[in-house]
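The whole structure should be built from the sequences, with the hints applied where relevant.
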Amino acid sequence: MKMTRETDMKPQVVTEIAPAKLTLAEVRARLEGKSGKRFWKNLDELAEAPGFHEMLAEEFPRLAGGAANEWVDAVSRRGFLKVMGASFALAGLAGCTKQPDEPIFPYVKAPEDLILGKPMYFASAFPFPTGAIPVLVKSDAFRPIKVDGNPDHPMSKGKSDVLTQASLLDLYDPDRSKEVLFHGATGSWADFQEAFSKAAQNTGTGDGIYFLSETITSPTLAAQWKQVQVAYPSAKLVQWEPVNQDASRAAS
Amino acid sequence: MAQVFDRNSNALARASLVLTGLIVIALGVTLDQLQRSPWVTRQGQRADQPIPFSHKHHVEGLGLQCQYCHTTVEVSSYAGIPPTKTCINCHSQIWTNADLLEPVRQSWATGQSIQWIRVHDLPDFVYFNHSIHVNKGIGCASCHGRVDEMPLMYMENSLQMEWCLNCHRNPASNLRPTAEIYNMAWDGPSSQKPVWCGPTGKGGATAGSVNCTTKDPGAGPEVAMLQAAGTPPAANGATSDVPPMGVMMPASYQKFTSQMDLGRYLTSQYHIRPPNELTSCETCHR
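Residue numbers (our numbering), protein chains in the order written: chain W, 1 to 252; chain U, 1 to 286.
Any given hint could turn out to be false.
[Stated by the list, open to error] Examples of chain U residues lying across from chain W (beta carbon under 10 Å, computed):
no.: 1; residue: ARG42
no.: 2; residue: GLY80
no.: 3; residue: PRO83
no.: 4; residue: TRP95
no.: 5; residue: ASP99
no.: 6; residue: LEU101
no.: 7; residue: TRP108
no.: 8; residue: GLN112
no.: 9; residue: ASN135
Just so you know, the hints here were simulated from the structure itself, not pulled from any lab data.
Beta carbons are placed, not taken as given, at the ideal position from N, Cα and C, and that holds for glycine.
Structure follows, in structure tokens:
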């Protein structure tokens, strides 16, 4: 009983009613003796089906879900427009105030070659499944801001492709892990070294050690992997590339 | 029925119409003046800095050159704020226990920056480049005022757009020889203190294309010495056996007795762009 009373308290939102069923005789009976301008849109209205007038009260009966009722929902369409309109007007006013104080944080010891306001260029390489791509990285105060082909390199002569250009975003990828993770908890490289060397030694020949990586084209990493193979012959290197050329190789 | 409004109401109605107009105008004038007031621009205000650094003491008193601290003013858009290391260069030797310098020692010991408050703060939508101004004949004091006479740093000019445009419309009124850029007391040529300028005949950077002197290059035996001093020996090293061009043609030197004459001459010598390009929106709003 208590439950029903609580639901009674809430404003009812009617979005749909059971369609009225009238026979022709019943329609005639309803219209009996009526004349002049009296319009009805559908049978529901004529039959005065329960809940019909509540449904009409809704602005958009078909769109109004239970929670989207203008009077119940905290942010209705009209309310949203009202608040946003006021916000935009006030944002214009905010432009008329004075600037806040801006702090300057100078270096304690300035890097020797740095000229603030002028970009610095670093030659680097973008590792790619088909081999490293020579790049020139433009950086502002040691923060990379543009990756382009290295014009001094005979292979690309300053040209690059979309993936090289977009590799700049990888440098600022928020999903990139910034520290060593162990079971989701942060650790240090020293912890990792200690734990890993102990675990690796326990396996003897490296049985059960798996390294996961992308396609490696780096000669340095390849040499390191050879050293690992000598020390732990059973260790495995598993490579996976989200977008690779396996399909085209399989097809040819 | 009696009159609701008596005869005085006519005058009141007219007065209220006039008054409404006056109030609207007064409001406009007030807002306009408010935007230009030091309360908004912070012109002339001494910010509450962590160290009461005196430019007067270091520049006028000790004779430090601007670039000793503001190292990148000639090569970059940003003049540069000195790192703590620059302070420590001297203050590891002198005033090592001064209370005022505690934040410097703190910064040096902890590696944390000294947190200054920016005095000359352009809005972020304005692009300003120090190097182009300094290399084309606008002196420090033209914008920053007599910094060598400021015990505490403040903003001499409003740095508002109308102030920028005043000069961009007519750069000749502020141009000076590039040798006088860091001269805080420079106040243009006059009939009492004329300036002689002539082309050096050297290519390369704008700053080296004109030589100016405050002594008459056509008078007396010191001409040759002046001319030789006018051309730096480093740039001249390869052709030291050839006499400098200036000695050969002292006649090419022109005498200037007014700022506008000198400004117009330097405008053409320094290849300053015409006002319609200098006042173009994208010059500062890129």
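Checklist entry - Checked against the structure, which of the hints given earlier come out wrong? => result 4, 5, 6 and 9
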